[in-house]
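So the sequences go chain by chain: A and B. Residue 315 in my numbering sits at position 289 of the first sequence; the count goes up by one each step and never skips. Residue 727 in my numbering sits at position 445 of the second sequence; the count goes up by one each step and never skips.
Hints are not guaranteed to be accurate.
[Claimed, not checked] Beyond 10 angstroms from chain A on every Cβ pair, some chain B residues (computed):
1. D438
2. P688
3. K709
[What the hints assert, rightly or not] Partner residues are not named here, just some residues of chain A that face chain B (Cβ under 7 angstroms, in silico):
4. S29
5. A32
6. D61
7. N131
8. L135
Just so you know, these hints were derived from the structure itself, not from any lab. Note that CB positions come from ideal geometry on N, CA and C, so glycine has one too.
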Amino acid sequence: MLSRVANNLIWMNRYMERGYSVLNLLKVNYSAHQDSPDLFPWTPIIKNYCGSESGFSSENSIECINHMVFNLDNQNSIINLVTRSRENARSVQEHIPRELWLGINSYYLYLTKPELPSKLYQEDPVVFLDRLLNHQLLYYGKIDITQERGSAYYFMDIGKFLERVIQISDLASMKLKEIAKTSDALERSFLWKNFLLSIGAYQLYLKKYKSTFQEDFIIKLIFQEQLFPKSLYYCVNKLSRHINQLIQTNELVNNDLEFLLGKLQSTIQYTTIESINEQGLTNFIASIKNDISNISLSINNVYFSNQS
Amino acid sequence: MQEPSFFSSYDFLKDTWDEMFTNNHALREQYEIISNYLQHTSAEELSKKEELSKQLFMHQGVTFTVYNDEKGIEKIFPFDILPRIITSKEWGKIEKGIKQRITALNLFIKDIYNDQFILKDKVVPASLIYDCPYFLREMKGVAPPFDIYVHITGVDLIRNNDGEFYVLEDNLRTPSGVSYMLENREISKRIFPGILPKCNVLSVSSYPDILYKKLCECSTQDNPNVVLLTPGIYNSAYYEHTTLARLMGIELVEGSDLVVKDHVVYMKTTFGLKRVDVIYRRVDDDFLDPMEFNSNSVLGVAGIMSSYRKGNVTIVNAPGTGIADDKAVYTFVPDMIRYYLNEEPILKNIETYQLGKPEDLDYVKKNINKMVIKKTDGSGGYGMLMGHEASNEEIDNYFKVVNKNPAAYIAQPILKLSTAPCYIDGKLSPRCVDLRPFALYGPDGIDICPGGLTRVALKKGSLVVNSSQGGGSKDTWVIK
Chain A
27 MLSRVANNLI WMNRYMERGY SVLNLLKVNY SAHQDSPDLF PWTPIIKNYC
77 GSESGFSSEN SIECINHMVF NLDNQNSIIN LVTRSRENAR SVQEHIPREL
127 WLGINSYYLY LTKPELPSKL YQEDPVVFLD RLLNHQLLYY GKIDITQERG
177 SAYYFMDIGK FLERVIQISD LASMKLKEIA KTSDALERSF LWKNFLLSIG
227 AYQLYLKKYK STFQEDFIIK LIFQEQLFPK SLYYCVNKLS RHINQLIQTN
277 ELVNNDLEFL LGKLQSTIQY TTIESINEQG LTNFIASIKN DISNISLSIN
327 NVYFSNQS
Chain B
283 MQEPSFFSSY DFLKDTWDEM FTNNHALREQ YEIISNYLQH TSAEELSKKE
333 ELSKQLFMHQ GVTFTVYNDE KGIEKIFPFD ILPRIITSKE WGKIEKGIKQ
383 RITALNLFIK DIYNDQFILK DKVVPASLIY DCPYFLREMK GVAPPFDIYV
433 HITGVDLIRN NDGEFYVLED NLRTPSGVSY MLENREISKR IFPGILPKCN
483 VLSVSSYPDI LYKKLCECST QDNPNVVLLT PGIYNSAYYE HTTLARLMGI
533 ELVEGSDLVV KDHVVYMKTT FGLKRVDVIY RRVDDDFLDP MEFNSNSVLG
583 VAGIMSSYRK GNVTIVNAPG TGIADDKAVY TFVPDMIRYY LNEEPILKNI
633 ETYQLGKPED LDYVKKNINK MVIKKTDGSG GYGMLMGHEA SNEEIDNYFK
683 VVNKNPAAYI AQPILKLSTA PCYIDGKLSP RCVDLRPFAL YGPDGIDICP
733 GGLTRVALKK GSLVVNSSQG GGSKDTWVIK
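Please build the complete structure, drawing on both the sequences and the hints.
Here you go:
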């Protein structure tokens, strides 16, 4: 496979995964904001995705959703993420199933319909966001059913899980800042619950720990749950498997990748709740973010390095 | 059912051959089945089919992006749903004529870059060649495998009011549009279910297979690695590049994916460097190799020409084929056919006046209202003057520019392009069409896909079919 193709496959999936996270977060925050606007403000979300100097500031839910879905100046708006993902998909059409390309193209065409933005103001925003989420889910479904399991699939999965780890850890740091602001137990439990909802882990939490919100359980679920596709443990495990597969077939240069992944895996797996609490969750997440950014850089280096 | 109204208002163009109706307004035989179908279809149904065709193009991504204020807008190449139908007899002549023409043109290019017999025998003036911007000195003495220069061509034909096909242009560099030939057929199958087999239409779907076979055959390697070189996603024909690569199962590469080492071209893969044997390039000569041509080019590959000269890679079409594609050289194609093949041309050339000759310039000036003037190195319908619709001031201004270098211009009488019925605003209306069949030249001969791209001037009365100037396309059916 061409190195450029491998790189484009990674980014095609990274942008899609980011879009999926953003949409979920918008949907959950929209509902939470209806309950308690003070506890679930939009500003931290906008700041996280658009930077602190974006010039956009609003606590109006619809305006915020509009900014996060349609604003072309916002690098992480859904329309920009899907456009970039589509551009990557377009240039790797020989390597992805036809169904996948048609799906992502039709998502793009749907998003760029001139009449779509007005719908956000006319109909239920949840229905509106669900429609976009459906496109995202179709995308994953199509990959699952039609993509050949081989190097293209591994590169795509690397993109997906890299981005997922980044999204979950970013979201965790964002929520931790909010949680730190309050000592009210009820408010804290609201915030934790909201965090679980935003990454799609709420249902599993209830099933496992019932309706009692304890930080230790939540941390365990999000960081160390072995069989949950949104836990950091699961994502890093997948990442490591696919990277190793590509290293074994000589399609990825090892450099220090195996070392970095092994280190991250054991950090996540073997750090006890006690020691996380000891160093502080914020520091723990910061070290994960640092590790994942080194892994990401190391993969990028392979493709941007001068092979000639 | 009553005859739908869109049939009665067909507004024939004077002195023009119509593809569907004879001069006496009788239906031509090859259109009987489709006409019968139309008689039983309401305008509403046809409009729905037209809408469906647009959606299909959009959703398949058969689009090009127009950039406006950095915001990309997806556009489709307009498609008229009614097919243009060619009889097997007409096709037989077209096929023979194109094969003859391409054989001669290929011999001409070989001759020009080697012995130059045709110049020494004064059949073609040497100055014409050396003044031509498409002449590449870098190609002198280079021997492409099997002496094939023009592997892929898309000759533009038009039908005059005498019913004969004339060659308008030879398009020997990187002709585009073949993906529309394939895609238009897929759309026809969807909008006219059951009609194609009834009409005995020849299939075009094997084009990618034949293309791949020819590309492989022109390599000297066993099991060669064939790639398609694209200028990238911002090129208006990018859709075509992705389609052809996908349908042939070959890699679509950009200049930055390739590298030349010790005169061998490699592509950068996840496994390391992999040798490339055949490059179907959709990048113009000028941009192919920054070491030899345009040094600012980032679309090409440094050193690719040296690799080519060593015979380590086959470039398709060969660099320098533009020399036979020049509008001034075009005039001499019938002479080339006689000179190299000792045959009379099967397909006619359009009478062409070279403004570099004082007597021709004089004649053209006197008859300007019947003439079209073109730049010899122009394409895409740009820089033309259509004498019958230009104002005196426009003509004067144009000649001011021409007079600076008359040899860079040719003139041709304005032909009556044949018309074919188009479905426009709920009615059938005649619109001017041309025809671009695609020919593939390999070591075992020339194959021409039975069909091609019919381009149509969608503006009423317009003779310009170029997509950049309001043109669209039609599916082209060749009957068994």
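Structure-based check of all given hints:
1. D438: Holds, because the least Cβ-Cβ distance between B/D438 and chain A comes to about 29 angstroms, which exceeds 10 angstroms.
2. P688: Its Cβ never comes within 10 angstroms of chain A, the nearest being 45 angstroms, so this holds.
3. K709: Per Cβ check, B/K709 is outside 10 angstroms of chain A; nearest 28 angstroms; holds.
4. S29: With a minimum Cβ separation of about 5 angstroms from chain B (threshold 7 angstroms), the hint on A/S29 holds.
5. A32: Constraint on A/A32 satisfied, holds at 5 angstroms.
6. D61: 37 angstroms, violated
7. N131: Hint on A/N131: holds, closest Cβ of chain B at ~5 angstroms, below 7 angstroms.
8. L135: For A/L135, the interface hint holds, since the closest Cβ of chain B sits about 6 angstroms away, which is under 7 angstroms.
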